[in-house]
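Residue numbers 1 to 448, in our numbering, belong to the letters of the sequence shown in order.
The hints are simulated quantities; they were obtained by calculation from the structure and are not laboratory data. Every residue, glycine too, gets a C-beta built ideally from N, C-alpha and C. You may find that some hints are simply not true.
Claimed, not checked - With a straight-line cut-off of 25 Å between C-alpha atoms, the simulated SDA-like cross-links for lysine to any residue are:
1) 172 to 190
2) 256 to 302
3) 255 to 301
Said to hold, decoys possible - Taking CB as the label site, the calculated pair distances span:
4) 295 to 228: 17 to 23 Å
5) 93 to 418: 38 to 44 Å
6) 106 to 39: 20 to 26 Å
7) 93 to 221: 26 to 32 Å
8) 96 to 430: 55 to 61 Å
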Amino acid sequence: MLNEFEGHLNNDLAYLKDTRSLLAISGGIDSVVLAHLCHELKLDIALAHCNFNLRGEESDADEQFVIDLSDALDLEVFVENFETESYAKQNGLSIQMAARELRYNWFEELSGQLKFDYILTAHHSDDNLETFLINLSRGTGLDGLIGIPLKNKKIVRPLLFFSRATIEKYAKDHKLKWREDTSNESDKYLRNALRIHVIPTLKELNPQLLPNFENTISNLKDAKSIIKDRIKKVRKKVIIKKAKSEIHYSVKKLKKLSNPKAYLYHLLNEYGFTEWNDVNDLLDAQSGKKVLSPTHRLVKHRKVLILSKVSINTSTLIPISHGQEKVKIDAKGVLLFDEADALFSKANIPEKEKNGQTNFIHVDKDLLKFPLTVRGWQEGDYFYPLGMKGRKKLSKFFKDEKLSLLDKENSLLLCSDNNIVWVIDQRLDDRYKVTDKTENVLKITFGE
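Please work from the sequences and hints to get the whole structure.
Here you go:
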């Protein structure tokens, strides 16, 4: 195995020979073998061990084993203890997901602080097969079937093309010692159940299961490459507008594609959508229909689908205290507050501001009641647009201004005592404008 590993290193992982790596080690057979192989080939590595405090004395014994191994190999070692159960409870995670999050967050932090170039993990081909079967059983796209990547940013998996049997043989041939995790014997977790019950049966039915699986993964990766090239060309064709906050897709051009639903999946899956039938139905839906993901919305507006990030919730209030000079409004931008010069007068107001056409306003500060609030607009909201004597519903104002559905949804209001002071970046309320009687002026600017 050492010769095969060296060949793999030279052909596929040559960058590890001239860089510094942090090797994640649990004390189990896989990570112990990886540590020995890297040490034999004189790679510049240090060990990193996580004690999740989930198995009492066993966890502490694992930690001590890793420390002893680092001494035997004359390698630097880093150990971190985690209160995994508390973290899982606080963040609403399963124990497995909490441990994974804690582990990788620490590895990233440690590698950044100490200038490690890569993080090595001991995933092997059997792990990859388990991941493939897990994703297959849950339902997945092409990315899920491709399995674990050899390299993902800083994380590298040097054993990915070696089987569990090969690793076990190397460990026994070289009389290596390792720790057994008794929790791996429990089949209450899907991965363990597949490893204990399903995969041995599949291997018995087909002894060439792993090589065939690796060929399948290779074919899927080739298919992904072809699809990626095709999607790149289609994306250029169907996107008719791309701004910082939104992307417009032509419904007509999407419907001309041979399989619009399949293309929509590949165009939009990175934005967190899962209800693909609903996404496809938008092509023939009325204007105003939308589909939401946890981070984005897709809205049908006339002849386009508009993709944008989910904006501030209409019920969310952002308070602004007296004296605050800068207030961040989610990802949309910031409001800047600046008391104008005492000599400022109505005559100083630019003509554009008088028409409500700027990203800043001047208001009569004495008419404001702090704390001010910023919120999204709601049905029934009304204000007195600058230059008008009467009031106007916001919905009518938006219609007259010919705002798109997305622009309406993204509109924010600056309010004082439940009254609208400013439809931000659009129009000042006439009641708060600067007049000849104004004594104190406040300039409010909206920017990125």
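Cross-check of the supplied hints:
1. 172 to 190: violated, 28 Å
2. 256 to 302: OK: residue 256 and residue 302 at ~17 Å, within 25 Å.
3. 255 to 301: holds, 15 Å
4. 295 to 228: 17 to 23 Å: Roughly 22 Å apart at Cβ, these two residues keep to the hinted range, so it holds.
5. 93 to 418: 38 to 44 Å: holds, 39 Å
6. 106 to 39: 20 to 26 Å: Roughly 23 Å apart at Cβ, these two residues keep to the hinted range, so it holds.
7. 93 to 221: 26 to 32 Å: holds, 31 Å
8. 96 to 430: 55 to 61 Å: At 59 Å between Cβs, range holds.
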